[in-house]
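Undergrad: The numbering of the sequence shown is this note's numbering, which starts it at 10 and goes up by one.
Wrong hints could be hidden among the right ones.
In silico DSS-like links for lysine-lysine, alpha-carbon gap of 27 Å or less [claimed, not checked]:
1) 632 / 563
2) 694 / 506
3) 327 / 506
4) 506 / 466
Please keep in mind that the hints were generated in silico from the structure rather than gathered at the bench. What you are looking at is a predicted structure, and each value in this text was computed from that prediction instead of being measured.
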Amino acid sequence: MTTPGGVAGTSLQLRATSSHSDLDARRGLVRIAPTVLQALGARPYSVVKLTGARVSAALVAQSNKDQDQGSILVDDLILANLGVAEGSEVTVEVVPSVAADRVVLAGASQVTSVLAPQTARLALLGKVISNGDSVSLLQQDVALPEGTSPDLLTQGRQQLQALFGRTWQDLLLTVAASPPVPSVVTMSTVVAWADPAAAVSEGGPAVTTVFPASAAPAGARAAVSPVVSSEDLPGSESQAKALRELLDVGLNNPALLERLGSVPQLGVLLSGPAGGGKTTLVRSVATALNLAVRLVWCPQLASMTPDSAAAQIAALRKAGLEAGGTREIIVLDEVEAIAPADGDAPLAPTLVAAVRDLIAAGRAVIAMSAVPDTVDADLVAPGLLSSRIALGLPDQPTRRTMIERLSRTLALAPDVPLDDIAARTPGFVAADLVTLVHAAAQQAACREQATPTGDPKVTAADFTAALATVHPSSMDGQLVDPGQVSLADVGGLAEVKQVLTETVIWPIAYPDTFARLGVTPTRGILLYGPPGCGKTYIVKALAHDGRANVLSVKGAELMSKWVGESEAGVRQLFARASGAAPSLIFLDEVDALAPTRGEGEDQVGDRVVAALLTEMDGIDALKGVVVVGATNRPDMIDPALLRPGRLERLLFVPPPDEAARGEIFRSAAARTPVDHAVDLASLAKRTEGYSGADCAAVLRQAALAAMRRSMDAPCVTAADIDAALSVVRPSLDDEQVEALRNFAAQREATTT
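Take these sequences, add in the hints, and give me the full structure.
TA: Here is the structure:
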């Protein structure tokens with residue numbers, strides 16, 4: 010994607026309002042209402058200069074239609090950069106998009122000493138920077154500079170995770186020097202540290218040794234690990250037991266295996282979601298067996314030149330083979346960074362050879378990965394990393410135990426319902442729960458600072474506020490924020506809403522009732538109807554009312570020309586949804602993902618349909634996962650996908666009738682002030698043939714007409730409505746609507 014420009018020189022005075030969306034927090038984005046975006050002369054992701062007590066800059070994006078038109082949504086970091094408090098007036102001006110040639114950054118020495126400038130550039134890629142600003146390492150991933158691959162962002166996240174763990178998301182840097190105008194960081198931008206002496210060199214160490222307290226040699230310069238026990242791993246006791254037994258026998262009693270005619274299995278691939286406790290698991294076993302841990306950050310190796318990285322791998326091999334090496338575990342963190350499955354990595358053969366020599370010499374090697382399918386097959390071959398241990402996502406009882414233990418040091422109010430919090434955190438890994446507890450404590454601290462009580466407590470309301478900003482990292486960017494939309498806000502469609510309530514919300518809200526009555530919840534639903542009639546809106550409402558995670562994928566997004574990638578994408582999608590249950594998988598434009606098999610020369614679609622069928626009704630039954638497909642071409646979907654056990658309920662979402670259009674206008678009017686003289690019932694009659702999206706566009710355009718008339722206009726008048734109707738025309742295609750009605754009638758006839 011390209012960062013677009015706008016009408017340079019246009020400016021408005023807007024009121025700074027805090028954004029509570031975690032999707033935007035500290036990513037260099039501000040949001041304004043669609044009508045204000047147009048009045049400003051900006052397009053989505055234009056560069057804007059922001060002037061408060063200080064000058065800063067950001068990318069501007071469109072907010073929800075119900076945002077106050079006199080406000081701009083900003084996060085705490087932008088407020089600090091502007092030097093203003095919430096509610097202050099900020100001047101917003103569109104400026105040209107200029108690429109930064111050089112940026113000098115400053116930060117804490119413990120950050121700059123290990124963070125390579127090229128990794129910092131990947132974190133800031135596509136962000137707008139100004140001299141003196143504080144910038145977060147959280148990436149801006151909605152508007153990348155032209156020619157930039159999103160894979161670079163993934164590479165940056167992996168490197169930051171390996172260097173700092175979960176805490177990288179909280180780190181801030183300062184722009185010490187930058188171009189005189191707001192500028193965008195690109196791959197051509199030279200990034201440097203303000204204090205070169207404190208910066209990491211390209212050949213800096215990527216290996217850290219951590220000793221348990223009882224095993225640290227005299228004078229050791231390595232870190233000493235705090236005691237980590239199995240109590241710190243609720244839900245992972247069986248994996249800890251398996252790893253401990255494997256290492257105990259292989260390192261401490263290999264002769265026993267030889268007497269039994271076997272050999273030690275000292276190569277392990279430990280997989281699990283990022284932040285799920287892999288490192289904690291290894292350290293707990295090391296503590297129990299009194300072993301040191303030699304941790305290798307593979308993403309940092311990957312960021313070096315091949316010669317520098319190869320030298321460090323050789324040094325690692327030498328150190329592991331020296332005397333005393335049997336009393337340590339060599340851990341390759343994020344191993345796929347230097348040994349990917351595609352084989353296109355110069356360091357992979359060197360690493361494979363080193364691991365082979367270490368294991369052959371009786372040394373333990375553990376490779377960790379959140380995506381084990383992407384690890385080089387040569388590395389996980391028999392004789393190397395032949396043992397596999399997997400950590401899953403914590404279930405509700407495990408999350409409850411984790412939250413209780415993480416909250417032991419907090420001053421909790423009696424009203425904090427730990428069971429309810431655990432139920433509301435599906436898909437959360439251990440690191441997410443740590444962030445959640447810290448966010449709740451932060452909420453309590455801010456409240457106490459504003460209104461001192463003398464006895465600060467973390468309350469249920471603090472956790473509720475934290476849950477609005479902390480989302481499960483296991484969703485990997487596919488999580489949809491449903492906002493505050495509920496089924497009650499959906500105009501008309503009473504029958505559709507009733508069916509969806511029974512098939513989606515009831516199984517989530519009343520699982521015990523379904524189990525008692527022996528009812529198997531519906532696995533899949535297909536919403537079909539003309540474009541703009543609310544299919545996506547309904548899914549968001551379902552997610553809100555059912556407190557479910559939503560993973561949204563457009564059909565075309567999973568299609569890949571590379572053999573096996575599309576099917577792997579389907580498997581990964583369902584795996585994430587199962588771990589984050591209760592969840593909805595929303596397949597938008599499902600006709601592009603699952604067309605009728607055998608009708609084209611392309612075999613990718615056939616394989617994807619087979620993968621979908623396998624995931625939906627295969628041997629491993631889905632639990633707590635509902636698949637919702639949406640399309641305006643149901644006739645193009647493979648019939649096998651519409652059978653019982655799959656997308657078994659087909660719901661026609663028709664264009665809104667007069668009554669439904671009236672509800673849509675009344676709902677929109679609750680957010681946009683409309684003059685009392687405007688007859689919404691009459692407006693519903695005048696908009697025959699309009700879709701729900703068309704109706705919303707009418708009021709949106711009317712509000713823009715009111716702004717053209719006067720920026721101080723208190724409300725939308727009848728004249729503004731007339732002006733909007735002359736611009737917004739009905740978008741529904743009569744032939745398409747009729748064809749869909751006929752399809753619905755045929756389906757009803759065959760099922761009755």
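Undergrad: If a hint holds in the structure, say so; if it does not, say that too.
TA: Status of the hints after comparison with the structure:
1. Simply put, residue 632 and residue 563 have alpha-carbon atoms about 23 Å apart, close enough for the 27 Å limit, and the pair holds.
2. Using a Cα cut-off of 27 Å, the hinted pair residue 694 and residue 506 holds, with the two alpha carbons roughly 24 Å apart.
3. Of the pairs offered as hints, the one joining residue 327 and residue 506 is violated, with about 66 Å between alpha carbons and a cut-off of 27 Å exceeded.
4. Restraint check: the Cα-Cα separation between residue 506 and residue 466 comes to about 40 Å, which exceeds 27 Å; the hinted pair is violated.
Violated hints for the displayed structure, listed by number in ascending order: 3 and 4.
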